[in-house]
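Enquirer: Build the full structure now, drawing on both the sequences and the hints.
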Amino acid sequence: MAEPEVFPYIPNSVPEIRQRMLDKIGIESVEDIYKEIPDHLRLKSRLNTPGPISSEYDLKRHCEELLEDGGNGADCKKYIGFLGGGIWNHYVPSVVTTIMERDEFLSSYVGEAFADHGKWQAQFEYASCMAELLEMDMVNTPTYDWGMASATSIRMASRITGRDAALYAGSISPDRLSCMKNYAWSAVPEFIEVGFDAETGLIDLDDLKAKLSDEIAVFYFEQPAFLGMVETQCAEIVEAVHAAGALVAVGVDPSSLGVIEAPGVWGADIACGDVQGLGIPMQCGGGAGGFVATQDEEKFTAEFPSLLFGVTPTIVEGEYGYGEVFFERTSYASREKAKDFLGTMAQLHGIGAGVYLSLMGPQGMVELGEGIMQRAAYLVGELGKLKGVKAPKYSAPVFKEFVVDFSGTGKKVADINKALLKKKIFGGKDLSEMCPDLGQSALYCVTEVHTKSDLDALVTALKEIL
Amino acid sequence: MGIVKVRKNYHQARWDEPMIFEMSTPGVRGIIPPAPGKEIADKVGDVAAGLPEGVKRKSPPALPEVDQKHVLSHYLHLSQETLGSNVHPDLSQGTCTMKYNPRINEDLTLDPRFAYSHPWQDDETIQGILHMYWTFEQILKEVSGLDRFTLQPGGGAHGAFTAASIIRAYHRERGELEQRNEVITTMFSHPCDAASPATAGFKIVTLMPKEDGYPDLDALKAVVGPQTAAIFITNPEDTGIYNPNVDKFVDVVHDAGGVCYNDQANGNVLMGIARTRDAGFDLCHFNVHKTFGTPHGGSGPGTGAMGCRDEFARFLPYPTVEKDEKTGKYYLDYDRPDSIGKIKGFLGSAGVIFRAYAWAVMMGPDGLRETAEMSALNNNYFLELLKEVPDLYWPYAEGHRRLEEARCSWERLTEKTGVGTDDILRRVGDFGLQHYWSSHHPWVVPEPMTLEPCETFSVEDLEEYAQVLQIVAREAYDDPETVKNAPHKCAAHKRAAEEELDDPAKWATTWKAYKRKILKD
Numbered sequence: 001m002a003e004p005e006v007f008p009y010i011p012n013s014v015p016e017i018r019q020r021m022l023d024k025i026g027i028e029s030v031e032d033i034y035k036e037i038p039d040h041l042r043l044k045s046r047l048n049t050p051g052p053i054s055s056e057y058d059l060k061r062h063c064e065e066l067l068e069d070g071g072n073g074a075d076c077k078k079y080i081g082f083l084g085g086g087i088w089n090h091y092v093p094s095v096v097t098t099i100m101e102r103d104e105f106l107s108s109y110v111g112e113a114f115a116d117h118g119k120w121q122a123q124f125e126y127a128s129c130m131a132e133l134l135e136m137d138m139v140n141t142p143t144y145d146w147g148m149a150s151a152t153s154i155r156m157a158s159r160i161t162g163r164d165a166a167l168y169a170g171s172i173s174p175d176r177l178s179c180m181k182n183y184a185w186s187a188v189p190e191f192i193e194v195g196f197d198a199e200t201g202l203i204d205l206d207d208l209k210a211k212l213s214d215e216i217a218v219f220y221f222e223q224p225a226f227l228g229m230v231e232t233q234c235a236e237i238v239e240a241v242h243a244a245g246a247l248v249a250v251g252v253d254p255s256s257l258g259v260i261e262a263p264g265v266w267g268a269d270i271a272c273g274d275v276q277g278l279g280i281p282m283q284c285g286g287g288a289g290g291f292v293a294t295q296d297e298e299k300f301t302a303e304f305p306s307l308l309f310g311v312t313p314t315i316v317e318g319e320y321g322y323g324e325v326f327f328e329r330t331s332y333a334s335r336e337k338a339k340d341f342l343g344t345m346a347q348l349h350g351i352g353a354g355v356y357l358s359l360m361g362p363q364g365m366v367e368l369g370e371g372i373m374q375r376a377a378y379l380v381g382e383l384g385k386l387k388g389v390k391a392p393k394y395s396a397p398v399f400k401e402f403v404v405d406f407s408g409t410g411k412k413v414a415d416i417n418k419a420l421l422k423k424k425i426f427g428g429k430d431l432s433e434m435c436p437d438l439g440q441s442a443l444y445c446v447t448e449v450h451t452k453s454d455l456d457a458l459v460t461a462l463k464e465i466l
Numbered sequence: 001m002g003i004v005k006v007r008k009n010y011h012q013a014r015w016d017e018p019m020i021f022e023m024s025t026p027g028v029r030g031i032i033p034p035a036p037g038k039e040i041a042d043k044v045g046d047v048a049a050g051l052p053e054g055v056k057r058k059s060p061p062a063l064p065e066v067d068q069k070h071v072l073s074h075y076l077h078l079s080q081e082t083l084g085s086n087v088h089p090d091l092s093q094g095t096c097t098m099k100y101n102p103r104i105n106e107d108l109t110l111d112p113r114f115a116y117s118h119p120w121q122d123d124e125t126i127q128g129i130l131h132m133y134w135t136f137e138q139i140l141k142e143v144s145g146l147d148r149f150t151l152q153p154g155g156g157a158h159g160a161f162t163a164a165s166i167i168r169a170y171h172r173e174r175g176e177l178e179q180r181n182e183v184i185t186t187m188f189s190h191p192c193d194a195a196s197p198a199t200a201g202f203k204i205v206t207l208m209p210k211e212d213g214y215p216d217l218d219a220l221k222a223v224v225g226p227q228t229a230a231i232f233i234t235n236p237e238d239t240g241i242y243n244p245n246v247d248k249f250v251d252v253v254h255d256a257g258g259v260c261y262n263d264q265a266n267g268n269v270l271m272g273i274a275r276t277r278d279a280g281f282d283l284c285h286f287n288v289h290k291t292f293g294t295p296h297g298g299s300g301p302g303t304g305a306m307g308c309r310d311e312f313a314r315f316l317p318y319p320t321v322e323k324d325e326k327t328g329k330y331y332l333d334y335d336r337p338d339s340i341g342k343i344k345g346f347l348g349s350a351g352v353i354f355r356a357y358a359w360a361v362m363m364g365p366d367g368l369r370e371t372a373e374m375s376a377l378n379n380n381y382f383l384e385l386l387k388e389v390p391d392l393y394w395p396y397a398e399g400h401r402r403l404e405e406a407r408c409s410w411e412r413l414t415e416k417t418g419v420g421t422d423d424i425l426r427r428v429g430d431f432g433l434q435h436y437w438s439s440h441h442p443w444v445v446p447e448p449m450t451l452e453p454c455e456t457f458s459v460e461d462l463e464e465y466a467q468v469l470q471i472v473a474r475e476a477y478d479d480p481e482t483v484k485n486a487p488h489k490c491a492a493h494k495r496a497a498e499e500e501l502d503d504p505a506k507w508a509t510t511w512k513a514y515k516r517k518i519l520k521d
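Keeping their order, the protein sequence lines are chains A and B.
Be aware that the first sequence starts at 1, since it is given in our numbering, and climbs by one per residue.
Be aware that the second sequence starts at 1, since it is given in our numbering, and climbs by one per residue.
None of these hints come from the bench; they were simulated from the model.
There could be a bad hint or two in this list.
Claimed, not checked - Sample of chain A residues lacking proximity to chain B, with all beta carbon distances greater than 10 angstroms (derived):
1. A165
2. D197
3. L438
Unchecked claim - Just the calculated beta-carbon pair ranges, DEER-fashion:
4. A198(A) / D333(B): 54 to 60 angstroms
5. G384(A) / P52(B): 55 to 61 angstroms
6. T451(A) / R309(B): 15 to 21 angstroms
7. E28(A) / D218(B): 33 to 39 angstroms
8. P15(A) / D324(B): 27 to 33 angstroms
9. Y91(A) / T206(B): 44 to 50 angstroms
10. F191(A) / G418(B): 50 to 56 angstroms
Unchecked claim - Covered, in the sense of this in silico footprint (three residues per stretch, anywhere, with C-beta under 8 angstroms from a C-beta of chain B), are these stretches of chain A:
11. 211-219
12. 235-249
13. 260-271
Computed from a predicted structure; not experimentally measured.
We put the CB at the ideal spot given by N, CA and C, even for glycine.
Expert: So this is what it looks like as structure tokens:
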């Protein structure tokens with residue numbers, strides 16, 4: 001029989017230590033503990049799982065080889081990528097990585113505000129930075145992602161208004177809509193689509209007004225829309241929705257808020273979105289973190305399901321302390337009587353986003369937004385010159401994403417993207433299955449990481465392919 | 001054996017750090033974003049300036065204006081005012097399985113080939129990541145005995161919500177959803193086992209434990225019926241007590257036409273020991289961030305990997321990760337017409353899955369079992385040490401062992417000294433330890449303390465923690481004010497005005513609100 005193995009992550013796996021522990025407990029073996037489990041419920045066989053890869057070096061090699069995949073593995077650094085749609089390739093500053101990788105933050109849990117004081121302050125500052133960006137007073141600790149944040153917004157709106165139907169713009173993300181419908185079903189069983197103009201891509205105000213009623217809790221739209229359009233009628237939307245006694249919930253892209261007006265200014269009741277673009281690496285979609293924000297009014301605060309960290313005095317004068325605001329709302333305090341459920345969500349990404357916004361400052365966010373819009377405008381202009389290509393598909397202003405309609409080329413987006421891939425370019429998201437009404441269209445995303453030569457490389461490649 | 005060091009001279013970093021907003025000076029900058037370049041700028045001009053009135057932001061966001069070094073040092077200070085499981089023996093967080101989070105897994109997830117991958121890339125270019133997803137699903141299937149898993153839920157409560165959504169779809173399809181509108185849980189199961197199904201639309205029936213602390217089978221029999229949609233339970237419960245009749249609970253619910261869900265938040269102690277399928281459950285979740293060694297991140301990102309039997313698999317959120325057995329290639333399957341839809345964007349917390357995959361293959365099958373066994377041994381060794389702590393006891397299940405954790409009570413000490421668990425948990429912080437987890441609400445066990453010394457804690461850690469509890473318990477008699485006013489040596493002190501956190505006129509969750517409401521700025 002092989003010698004018992006000693007595991008580097010399990011200090012007491014050394015046989016002598018294990019024996020000393022058994023002696024102290026006064027048992028022969030660990031089976032004397034496991035006899036609490038009836039024999040017929042015990043697993044009698046050895047697990048059949050891969051490994052062990054005991055050496056850290058071997059593990060590293062193994063994982064690196066998986067990522068490399070014999071040269072077939074690729075990412076948006078190795079290739080030029082134009083994929084977005086809720087996970088975006090923005091620059092990740094070194095300071096953000098350094099802070100997010102601090103073991104103190106990384107390996108902590110919720111903690112308490114004395115021994116984890118720094119983490120609570122970092123969370124408070126994250127919420128505070130988001131509040132400035134959004135011009136709203138109350139920002140939750142991050143939930144899973146934008147989909148969950150939008151779904152939470154719908155449920156909050158339903159509770160605040162006492163109504164059980166929701167309107168949404170047809171230009172929002174189909175995946176987020178799916179998330180909302182499933183999550184909100186018990187409170188909001190009915191979701192009704194509001195159309196958008198086929199030419200401009202802007203929300204059809206007449207359709208919105210026609211569908212508003214005293215049963216509608218909320219109208220949800222995105223600014224910019226999933227399909228890229230920057231909505232120009234926010235004030236009119238707010239006026240119409242409020243006139244019907246409903247709330248306006250909007251999904252926003254925080255990277256746009258240096259140049260696009262804050263939802264708190266034009267009167268949104270609930271704003272939500274994702275922090276991933278604020279310095280969190282994409283991680284194949286794992287970089288997400290959802291925010292929900294409102295003004296600081298009790299009727300809104302009372303309906304947040306999330307933890308809310310507030311600043312509060314301690315027994316030492318002048319010291320900032322922190323605590324959980326209105327804790328009774330949460331399921332940690334009130335189980336099923338709470339506002340929805342609460343659990344481990346995405347706090348670390350909030351800390352990262354707070355560091356990012358502190359680095360960027362007002363000027364950084366303005367320049368970021370301006371530079372992205374210039375790149376997008378440049379690429380739109382160049383793509384529009386290609387025969388049979390309509391870019392953008394809609395005439396509304398564009399921030400960083402836009403629909404490119406390839407229908408006029410007679411080619412399928414799937415084939416175009418396969419051909420681009422051979423040239424080490426990830427073309428825009430193929431919308432032909434996700435949004436079949438749009439024909440052979442793709443959603444392109446441009447950020448500050450793109451240089452002119454990146455954009456030109458795409459245009460040159462498309463010229464060859466089309 | 002290494003030294004057992006009770007850190008009497010400990011003092012946490014206390015930087016008395018200002019808010020980042022207070023460090024702001026107009027015009028100072030922390031980082032410059034990359035400009036698009038002259039050629040683009042000349043060609044397109046100032047595009048943002050062309051935005052219509054009302055769309056263009058009028059005044060820049062009032063973010064802090066701080067140089068890079070001071071942003072870095074500010075957040076380094078804040079990190080130093082934080083404890084984590086890699087920093088100190090964080091066995092205090094019962095039910096949370098605060099284990100070591102290996103550094104190698106951080107290096108791996110920072111690899112640009114992962115960090116800069118987009119989930120909509122062609123499947124051909126992310127085969128390695130899909131391999132990890134697929135393989136980790138196989139590992140969970142083997143550990144649980146169930147047939148399929150989704151790795152998309154972002155945490156345990158989200159896993160439970162996903163299960164509730166699937167159970168809803170299952171009953172709806174059978175035409176029984178209106179009738180089957182109740183979910184049963186037990187008081188010592190995690191609050192999410194009540195709150196998540198409630199969010200999905202179910203009424204909740206909570207079973208109180210028997211006098212001996214075990215879940216009450218007769219009480220279950222009294223409440224099941226044609227209205228029962230499901231039962232959501234944890235085993236071992238948050239008391240560390242294993243319910244030996246768990247399969248009978250499952251049978252009772254199945255006989256009534258209900259579905260059985262096992263919340264395996266406390267599953268660290270069962271890997272390779274007992275499987276959820278063998279107790280008859282239909283669905284379960286694992287808290288990947290607890291059991292599989294990934295960092296908790298202050299409360300996420302995590303993953304509540306949710307598994308089920310085949311008959312529920314078609315309801316799983318899309319996409320699933322599939323393997324083409326002919327080519328050996330992995331692909332994402334979006335064509336799932338019965339799916340409940342999306343519960344999280346894209347593929348879920350891919351960084352958590354990568355780390356968990358690396359952890360699980362490093363441990364191997366024997367390592368998974370060693371993890372379970374050592375969490376049971378550590379807990380029972382630790383409880384031997386706690387027998388020396390004055391007045392401390394762990395109620396219920398007399399003569400039976402706790403598996404991976406124990407819910408203890410300071411009730412006797414509180415009665416004698418007036419010092420309660422909320423005081424003691426703060427005082428523990430003065431010895432370089434995280435405050436301990438008392439209990440979710442309501443406190444069924446009076447003055448509770450829940451500790452979970454999982455496998456990555458050493459004997460020395462356990463001895464140190466037990467000695468600190470002894471010291472504090474003695475202090476409760478000799479010097480109660482020191483305990484009641486604790487902490488004294490942590491990064492910050494006791495809150496002075498708890499009630500203000502519930503006062504709409506006083507609470508402030510952002511600097512903006514603080515300035516307006518408190519500073520009257």
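Enquirer: Hints broken by the structure, by number, lowest first?
Expert: 4, 5, 6, 8, 11 and 12
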